[in-house]
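Asks: For the record, the sequence lines run as chains W and Y.
Quick note: the first sequence uses the working numbering, first residue 1, plus one each step.
Quick note: the second sequence uses the working numbering, first residue 1001, plus one each step.
Check each hint, because a few of them may be wrong.
Here are a few chain W residues that face chain Y, going by a calculated C-beta distance under 10 Å [to be verified]:
| hint | residue |
| --- | --- |
| 1 | Gln-177 |
| 2 | Phe-331 |
| 3 | Met-332 |
| 4 | Tyr-336 |
| 5 | Met-373 |
Don't read these hints as lab results, they were simulated from the structure.
What you are looking at is a predicted structure, and each value in this text was computed from that prediction instead of being measured.
All residues carry an ideal CB built from backbone N, CA and C; glycine is no exception.
Take a look at the letters that make up each chain.
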Amino acid sequence: MYTLPSKLKLFSIIIMVLGLAGMTYGFLTTPKTVEDVKRIMAQQEDHHAEGHAVAEHGDETTANFVDSARGEEGYSESAMEHATDLNPEGHGSSSHDEHVLHQLQTRPWSATFVAAFFFMMIALGVLVFYAIQYASQAGWSPSLYRIMEGITAYLLPGSIIVFLIVAFAGTHFFPWQNDELVAGDKILQGKTGYLNLPFFLIRAVIYLLGWNLYRYFSRKNSLAQDEVNNYGPYRKNFKISVFFLIFFIVTEASMSIDWFMSMTPHWYSTLFPWYVFSSLFVSAITVIALVTIHLKSRGLIPFVSDKHLQDLAIYMFAFSIFWTYLWFSQFMLIWYANIPEEVTYFIIRIQEYKVLFFGMLILNFVFPILVLMNSDYKRVPWFVVIAAVFILVGHYIDVFLLVMPSTVGHNWSFGIPEIAALLFFAGLFIFVVGTGLGKVSLRPKNDPFIKESENYHF
Amino acid sequence: MASKKIHAIYTDDDLLMQAVKQTRATNYHISEVFTPFPVHGLDHAVGLAPTRIAITSFLYGLVGLSFAVWMMNYIMIEDWPQNIGGKPSFTFYQNMPAFIPIMFELTVFFAAHLMVITFYMRSKLWPFKKAENPDLRTTDDHFLMEVEADNHDVEILTKFLYDTGASEISLIENEQDH
Chain W
1 MYTLPSKLKL FSIIIMVLGL AGMTYGFLTT PKTVEDVKRI MAQQEDHHAE
51 GHAVAEHGDE TTANFVDSAR GEEGYSESAM EHATDLNPEG HGSSSHDEHV
101 LHQLQTRPWS ATFVAAFFFM MIALGVLVFY AIQYASQAGW SPSLYRIMEG
151 ITAYLLPGSI IVFLIVAFAG THFFPWQNDE LVAGDKILQG KTGYLNLPFF
201 LIRAVIYLLG WNLYRYFSRK NSLAQDEVNN YGPYRKNFKI SVFFLIFFIV
251 TEASMSIDWF MSMTPHWYST LFPWYVFSSL FVSAITVIAL VTIHLKSRGL
301 IPFVSDKHLQ DLAIYMFAFS IFWTYLWFSQ FMLIWYANIP EEVTYFIIRI
351 QEYKVLFFGM LILNFVFPIL VLMNSDYKRV PWFVVIAAVF ILVGHYIDVF
401 LLVMPSTVGH NWSFGIPEIA ALLFFAGLFI FVVGTGLGKV SLRPKNDPFI
451 KESENYHF
Chain Y
1001 MASKKIHAIY TDDDLLMQAV KQTRATNYHI SEVFTPFPVH GLDHAVGLAP
1051 TRIAITSFLY GLVGLSFAVW MMNYIMIEDW PQNIGGKPSF TFYQNMPAFI
1101 PIMFELTVFF AAHLMVITFY MRSKLWPFKK AENPDLRTTD DHFLMEVEAD
1151 NHDVEILTKF LYDTGASEIS LIENEQDH
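Taking the hints into account, I'd like the entire structure generated from these sequences.
Replies: Here it is in structure tokens:
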């Protein structure tokens, strides 16, 4: 039996309280009127006048490569000009200051959503990994079932919070919810069949129900298997896992289209859902490895060997490469064709978020590949922890870059609202997962593959 | 110089593994083991050093990557930087996304092929190479352990190998090492 160590419990509660305070501060200090924005902008001008000049000079010498590609100055600006979806009020229909006001008001929403989704996607990814283990009748993983179930305990609270955020964010996130904008925009009118509020909410409810029902029933069957001497519950779990995986791949696709792609409703990309999935999956496996190392270091899971850890590290390594493959496929196809309506998505990310955008490639690809390539290192816990930290930070940045450029544009920064949201959800995650792990014995019994899993070696 | 070797034939891989462990424990020197298929854990039991072929493969991959970078940089950027469909051929990094498929493929190509060739050379495999089977049945369903007998009493060694479960034991005398 695991009990959340009291120090960790206290720590999670403290960061939850700190985070909540910071998030409240973030929501309360957004500018309320255009006058506030003007005052803030004036202050920033004074403050950054010198730095700004240097920055602009630097921009000229290292001209953005999409600009150079077209061989004409200002190409990207003119491409951005027509991208009304980066500008929720629609360009020209309102003043620049109003636009900035809107983005500044959106910032605490986005900060909360990034952190909330990041932790929810970890729980969801673990659930998918768990379903895959059942559906593929894996022989190595059953001794990790209780650990995975413990982590998915976060899915219920996490997904409800994410649902509330996307349901109430309104035009902060989704310009297509602004009726005035849609009235003047032929493209958005064409999409109202899919992008309308009632259907959007119904879909979100379906995702929530489907994922949480699978989590509820698979956990129930998995625990029931401990008590019986036939394989009935196991067979049931096998069946519902297969159906869950089918359900998941469909809902994950429309979830990423609903919650992320429709933040810039003029832009579309077909492999976007896969891209979001790869990010979700690799962070989830990383967290399984971290929790396993934590429990192992406390001596609670003697039946999990370093070979299990090596397998998890192999998954981390492989899916980091898978993520990079999808990131690059999406980026390179759009960069190569350079069609204005598609390329705006990357122009804003490269121009305004350059360090994060390319830095996350180093965190999510270069470091994991170098740290985890050697098979001996995959068995060394602290090596895996180092790689895990890189991967988790990298994928937080990844979610940050899915949301922020589309909602707050160039008015982003990493300050109190972002850090507070990260702290709050990290605390909630540790608390819920810790309690979830502590409910039952960590050693599954009577699973048809448990003996193979406990003697697992290669 | 004459060298004496004893060939002990086993009919089961579990028996072979056990025999290998016992022979090593008694400090007889196993010079070779012939099996029809890979026996899991045999290399460890015989005490062979782990292979370093993965390391060579990694280095070959780096060679391939460097070659691809050098080649694309020389051809596309330095030698004749043409404007092809508006692609930015001013510096390497500006046009890098277009080179990545080539960089990737050449890395894999070098890593894979040079590693295979390294394997052939280190294990001395090539066409028309004379096969080294001491007994044809080792390619089908028998396992053969070759033990050096020069410094040992052949009688005692034979007795020992018989006790490990060998089904056939034969003394081989070579004029020189092959």
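Asks: Each of the hints needs a verdict: does it hold here or not?
Replies: Now the hints, each set against the structure:
1. Gln-177: 35 Å, violated
2. Phe-331: 7 Å, holds
3. Met-332: Interface hint status for W:Met-332: holds (5 Å vs cutoff 10 Å).
4. Tyr-336: Holds: closest Cβ of chain Y sits about 7 Å from W:Tyr-336, inside 10 Å.
5. Met-373: 7 Å, holds
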